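A.B. asks: Given next are the chains, with one letter for each unit.
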Amino acid sequence: MSETFTGRVWVLGDDIDTDIIIPTEYLAMKTVEDMKKFGFSPLRPELAGLIKEGDVIVAGKNFGCGSSREQAPEVVKALGIKAVIAKSFARIFFRNAINNGLLLIENDQVQEAVKEGDVMDVTPGEKLSVNGQEFEIASLPDNLLEILNAGGLVKAMRKRNGLS
Amino acid sequence: MGMTMAEKIIACAAGVESAKAGDIQTVTLDKLMSNDGTTHLTIDMYNKLKNPRIADKSKLVWIVDHNIPSDSPKTAASHKKMRDFARDNGITFYEGEGVCHQVMMENHVCPGELIFGADSHTCAYGALGAFGTGVGCTDYLYAMVTGTSWLLVPETIRFNLTGKLPEGVYARDLILTIIGKIGANGANYKAMEFAGEGLHNLSMSDRISICNLCVEAGAKTALMEVDDVAMEYLTSHGREPKACFTSDPDAVFAEVYDIDLSTVAPIVAKPHFVDNVVPAKESLGVKIDEAFLGSCNNGRIEDLRVGAAIIKGKKVAPKVRFLVVPASRSVYKQAMEEGLLDIFMDAGAIVMNPNCSVCWGSCQGVIGEGETLISTGTRNFKGRAGHRDSFVYLASAATVTASAITGVITTADLL
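So the protein lines, in turn, are chains B and C. Following the numbering used here, the numbering of the first sequence begins with 1 at its first residue and continues without gaps. Following the numbering used here, the numbering of the second sequence begins with 1 at its first residue and continues without gaps.
Don't read these hints as lab results, they were simulated from the structure. Mixed in with the good hints there might be a few duds.
[To be verified] With a Cα cut of at most 30 Å, we get these calculated BS3-like pairs of lysine-lysine:
#	chain 1	residue 1	chain 2	residue 2
1	B	K30	B	K77
2	B	K155	C	K164
3	C	K81	B	K37
4	C	K48	B	K159
5	C	K281	C	K164
6	B	K127	B	K159
7	B	K82	C	K382
8	C	K74	B	K30
9	C	K74	B	K155
10	B	K127	B	K87
11	B	K127	B	K155
12	B	K87	B	K37
13	B	K159	C	K164
14	C	K281	B	K77
[Said to hold, decoys possible] Derived list of chain C stretches under chain B, where covered just means 3 residues or more per stretch with a C-beta under 8 Å from a C-beta of chain B:
#	region
15	79–89
16	124–136
17	360–374
Remember, predicted model here, so these are calculated numbers, not experimental data. We put the CB at the ideal spot given by N, CA and C, even for glycine.
Could you put together the complete structure from these sequences and hints?
C.D. replies: Written out as structure tokens, the structure is:
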């Protein structure tokens with residue numbers, strides 16, 4: 001995960017809650033693939049159709065607040081988002097995202113430097129580079145990196161137990 | 001250095017002498033609650049494991065409450081999956097018994113326990129001095145299979161309560177006031193602990209309301225020390241504490257707030273955030289289409305008594321739906337015995353079976369485009385109660401009932 005990747009930026013605000021990320025009425029759908037086209041629909045119904053594989057989200061504080069629904073990080077990942085960068089994350093969403101192999105980066109400065117559509121270089125655990133500016137980012141603790149790098153908690157346990 | 005209540009419960013569950021904020025501890029869970037919001041996903045993942053097993057099935061409690069009775073073939077199938085798995089694996093299973101957190105408080109939660117719930121409002125269990133925290137289904141699965149999980153030991157924000165709530169002001173007004181003060185992420189990753197002589201003036205129902213809503217400030221858990229009121233509730237429900245912890249006098253808190261309960265006033269959280277609070281007086285006159293009295297936050301007998309006393313002999317406003325949803329079967333039966341359901345029915349309310357109802361925006365009572373709901377539920381996020389272009393105001397049982405009568409946001413003292 002420490003290799004640099006480049007992503008197109010989508011900008012969202014503060015307090016993006018789990019009902020925005022995937023509203024309750026779509027949770028009964030059979031798969032996350034079915035749900036994903038309704039991702040972020042209460043806020044921006046067109047967004048799910050515009051996000052491309054490898055894009056990143058830059059948001060404000062408290063991203064993922066609300067429900068414990070794990071479909072929230074799953075939908076973000078299924079849409080092709082490679083990383084969510086936010087000023088802060090709600091704690092249940094944080095665990096759920098790591099457990100599903102979705103990269104989260106906490107940074108409270110890059111928001112000032114980007115606008116939607118900009119292209120950002122992300123070097124996990126090191127830095128964000130965008131519009132000629134660089135922002136240092138912290139690395140996750142080792143136990144979480146192990147989970148993230150394996151693609152999620154279940155996969156990490158399989159690996160640890162020699163099952164894959 | 002002294003320890004906080006949260007640190008003591010985690011140390012106990014980790015089998016270590018002491019724990020301090022910032023540590024990561026591996027803990028053994030005391031109980032694991034899951035509901036029909038996500039249990040079908042947990043089962044799907046479990047069935048894909050190469051060596052599936054349950055560490056201790058006696059610790060699992062599964063509750064169908066989000067969509068009961070089922071409202072579509074899809075939810076019926078997901079309930080069947082949950083019901084069959086619970087039966088085949090000897091898991092304690094409730095269906096139609098009530099909203100999960102109320103069922104847990106009535107039947108399972110014990111002081112000193114560390115409990116995972118696959119539901120964000122699991123922090124309600126702090127009302128009995130238990131560390132309840134919400135997790136997703138992958139964390140739940142891991143805990144179910146191994147009996148353990150890892151936890152970052154949280155810092156604690158302490159709220160010292162003094163005095164008594166004024167007449168016509170409720171615990172819900174208090175916790176919404178606190179969330180408005182510290183913000184929707186004001187307690188992110190942290191524990192919110194409530195203490196002080198003012199705590200003893202709060203009923204168990206009040207305490208559950210307060211702890212339950214702490215996740216709306218981002219809290220990992222909420223905690224209250226166990227006093228005579230809590231012990232009486234516990235013993236009257238036939239249970240004993242695992243351990244009764246309190247924070248040491250020299251424990252370190254991230255922040256300390258002193259709150260005089262006598263200064264709290266009726267409050268409303270406006271769309272679309274729980275911390276978007278204003279004094280109820282500033283929201284008077286907003287037209288509503290539906291009112292909801294229920295949920296794990298405010299559907300207990302005490303809340304129904306408040307509503308019934310206000311609406312007795314009056315009628316629900318024309319073109320307004322007033323949904324009354326007792327939080328559990330025992331609350332429902334008690335309300336029936338006390339004649340409260342008759343009062344609501346005579347007033348024109350729709351009395352429904354115990355479930356999560358419109359609080360979670362699926363199942364019964366969802367609102368349509370442009371409609372406004374006033375609710376004793378837990379959240380008012382955009383689209384939370386139905387259409388993405390609808391509006392939810394959160395308020396106390398008294399304000400919700402008064403508004404159902406007039407058809408506009410109204411505080412009970414104005415009737």
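A.B. asks: Tell me the numbers of any earlier hints that the structure contravenes, in ascending order.
C.D. replies: 2, 13, 14 and 15
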